[in-house]
Amino acid sequence: GAVVSQHPSRVICKSGTSVKIECRSLDFQATTMFWYRQFPKQSLMLMATSNEGSKATYEQGVEKDKFLINHASLTLSTLTVTSAHPEDSSFYICSAREQGVGDYGYTFGSGTRLTVV
Amino acid sequence: DAKTTQPTSMDCAEGRAANLPCNHSTISGNEYVYWYRQIHSQGPQYIIHGLKNNETNEMASLIITEDRKSSTLILPHATLRDTAVYYCIVRVGTSGSRLTFGEGTQLTVNP
Chain A
1 GAVVSQHPSR
11 VICKSGTSVK
21 IECRSLDFQA
31 TTMFWYRQFP
41 KQSLMLMATS
51 NEGSKATYEQ
61 GVEKDKFLIN
71 HASLTLSTLT
81 VTSAHPEDSS
91 FYICSAREQG
101 VGDYGYTFGS
111 GTRLTVV
Chain B
1001 DAKTTQPTSM
1011 DCAEGRAANL
1021 PCNHSTISGN
1031 EYVYWYRQIH
1041 SQGPQYIIHG
1051 LKNNETNEMA
1061 SLIITEDRKS
1071 STLILPHATL
1081 RDTAVYYCIV
1091 RVGTSGSRLT
1101 FGEGTQLTVN
1111 P
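For the protein sequence lines, the chains are A and B, in the order given.
If you use the working numbering, the first sequence corresponds to residues 1 to 117, in order.
If you use the working numbering, the second sequence corresponds to residues 1001 to 1111, in order.
Hints are computed from structural coordinates only; laboratory data are not their basis.
Remember, it's a predicted structure, so these values are computed and weren't measured experimentally.
Be aware that one or more of the hints could be misleading.
Said to hold, decoys possible - Just so you have them, the derived chain B footprint on chain A, three or more residues with Cβ under 8 Å: (1) 44 to 56; (2) 76 to 82.
What the hints assert, rightly or not - Listing some non-contacts, in silico: residues in chain A with all C-beta distances to chain B over 12 Å: (3) Val4; (4) Gly16; (5) Lys64; (6) Asp65; (7) Asn70; (8) Asp88; (9) Ser95.
A virtual CB, placed ideally from N, CA and C, is assigned to each residue, including glycine.
Same shape as in the complex, but just chain B (with noise of 0.2 Å):
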């Protein structure tokens, strides 16, 4: 699976649109691009992931460079209980295999 680099945090301002860079540069034509979140002391959990196109669900979307060497994770509407590590994940999109989580990006959404 493809190396990700994230930043280690970021902030936002509550009610601000959240911006996540992730920079994927030896992503290879079958990696997939996935973002899972984990909110202090509980289980990740996913939130959106895109091969190629942009993608929009109604937690975020997935902003995907043409060169797919790097995408952001846009938060349109930041909230407290946004506050979490965010995961960028790369890796091929066949069945069973696994997820390895990197350092994620830790975001503070502040009042």
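Excised from the complex, chain A in its bound form (with noise of 0.2 Å):
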């Protein structure tokens, strides 16, 4: 089945420093990536929408400056946190579409937890 590979896995960071998480579709192309934030005992969060060769589409209230997102090929999305606090700490989790598949063809990463110190 598709897989999605999700790295880093978790990192911890100083404030003030960018952190760089990227999300692989190893087996399948995806025209679209999305990826989600997550905090403790709370629900998945859509931030934004990214599809391959053009900006991302963010979630309203999601600063596009700071979470920067580059879909540059068709099988990579990257999500860099520019300039990290503690309050940007929560677990990101990646999701890629494939392409013709039919709409239960969404993958999941297995998410990367940020702790910015």
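Assembly of the complex is requested from the two constituent chains, each provided in isolation within its own frame, with the hints serving as guidance.
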């Protein structure tokens, strides 16, 4: 089945630094990828939708200059948290939709636990 | 996308069937019902989806009422590994559209 690899699984960074999270579709091409954020004991909140070769679409309230998304190929999307602060500490999850597959074709990565100290 | 209502939590004995309800009374004719689950600290996993007919796969069964205003996800023989948050999502089945997660139901399977 479709596999989405997300790295790193866990990262600790200092306040003010930037962190890049990678999301790769291993055995399929993903025209669309989604980035979610999840705080403890809360549900997943969609941050942005990225389409290969075009700018990401951000949800209301998500700072596009702080959360940089790049979807340069059909198998890779990256999320960069710039100038991270402790309030950015969260569980970040990506999802990829397999090109040409029906609507069950959403596969999620295993998530990245970001801790900003 | 139609709003869904699920119980906050449920318990189930290992080996018994787990029946997870979802209310989606404002569902429209072109909206599908999807179920995903999220085991602690992992990404969500697709379970099943349907439009109006009941569906079954190797993981679960989905029962949708005739008026489509509610549905039930059935795990026929729950195991400890089925302990997770289960999300019922209603959305139009168009390509590329996003999944919006509600609060879900925390299912705890007890030994």
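Practice problem: If any of the earlier hints don't hold here, list their numbers in rising order. | Solution: 2, 3 and 9
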